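With the hints as extra help, turn the sequences into a complete structure.
Chains Z and E, in that order, give the protein sequences. Residues 1 to 130 (my numbering) make up the first sequence, in order. Residues 1 to 193 (my numbering) make up the second sequence, in order.
Please keep in mind that the hints were generated in silico from the structure rather than gathered at the bench. In this text the structure is predicted, and so the values were computed from the model without any measurement. All clues stand as given, with none of them false.
List of simulated lysine-lysine pairs, DSS-like, C-alpha gap at most 30 Å: (1) E:LYS188 <-> Z:LYS130; (2) Z:LYS130 <-> Z:LYS24; (3) E:LYS188 <-> Z:LYS127; (4) Z:LYS38 <-> Z:LYS65; (5) Z:LYS24 <-> Z:LYS127; (6) Z:LYS127 <-> Z:LYS65.
The residues making up each chain are set out below.
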Amino acid sequence: MHVYIGGAHNGKREYVRTALADEKVQWVEAGDLSRLPKPESGRVVLAGLEAYLSSNHRDEESALKDVFRFIEAADQDRLVVIVTDIGRGIVPADPHSRWLRDTCGRLNQRLFREAGRVTRIWYGLAKELK
Amino acid sequence: MVRGRLVFISGGVRSGKTAFAENWLCAHAAGRRVYVATGRPIDREMRERIRHHRQDRAARPESWETIERPADFSGILPMIREGDGLLIDCITTWLANEMYEGIESGLPCHRRQGCLEEKVEALLCALSEMTGKASAVVVVSNEVLDEPLPATADIRAYSEMLGHIHQRLVSMADLAYEMDAGIPLRWKPENGK
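Here it is as structure tokens:
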């Protein structure tokens, strides 16, 4: 698994799209979905998890279970996950936003642990973290 | 004449980005040091903030010229002399000022079709022209995009535009640094001096 992380509007999707321009990709934009599909056998990109978790989950355990069911079913050598870093701002006033921020933080920690590669995108530039 | 270098420096609040920018400019600029301030003294907190930045600059061993320019940077061009070192502080404030330009008429820029896009192109164009005259142009901005999606449409539009501007600036810049707790991380160029 290759994980890309960066702040919002930093050009993460564009960077991945360019890197995979010659490949046939199952691009899963989870933010628009009410449940995750089955990953196909080839190249898979999973993005928009923050919005997906925000609208479909209220409990961290079931949220992580749901995401990792998808991840474990995909071909690890051909799976790309794009996550947005939402953990550096002021603690949100609304409890659901606080829950989301914590859940995404722990999701990212686990993704980084299991990923073979982690790349950070900063305004279109890339740095390998792992 | 050789084109001046364009430097982009971004960091969190009180991460030391202005101090780093000032030091960089002192080490690399040939002529006058010119500080382009974008803050508007609209309330007590802003007046305090401006006073603080002025004090910090006055306490430095070298002297600085200050240009107050909340928006429309093309107006700075005639004030620049050959070889000047410019420090523009900062893009986040500039964008907020431009977004609400015309608010007194009831229709701020960000609600007018294509207005903000035009201002962004004018900004990039002005910066490029500045590097034709100045020995260095250092542009400072803030890291504010690492938090949950903002709730209001205005702030969402602001965040999206800021991310876009930062990407364009990084792509134009000769050097790009991210400041974290006073420590600069150089993103561009990745290797070499």
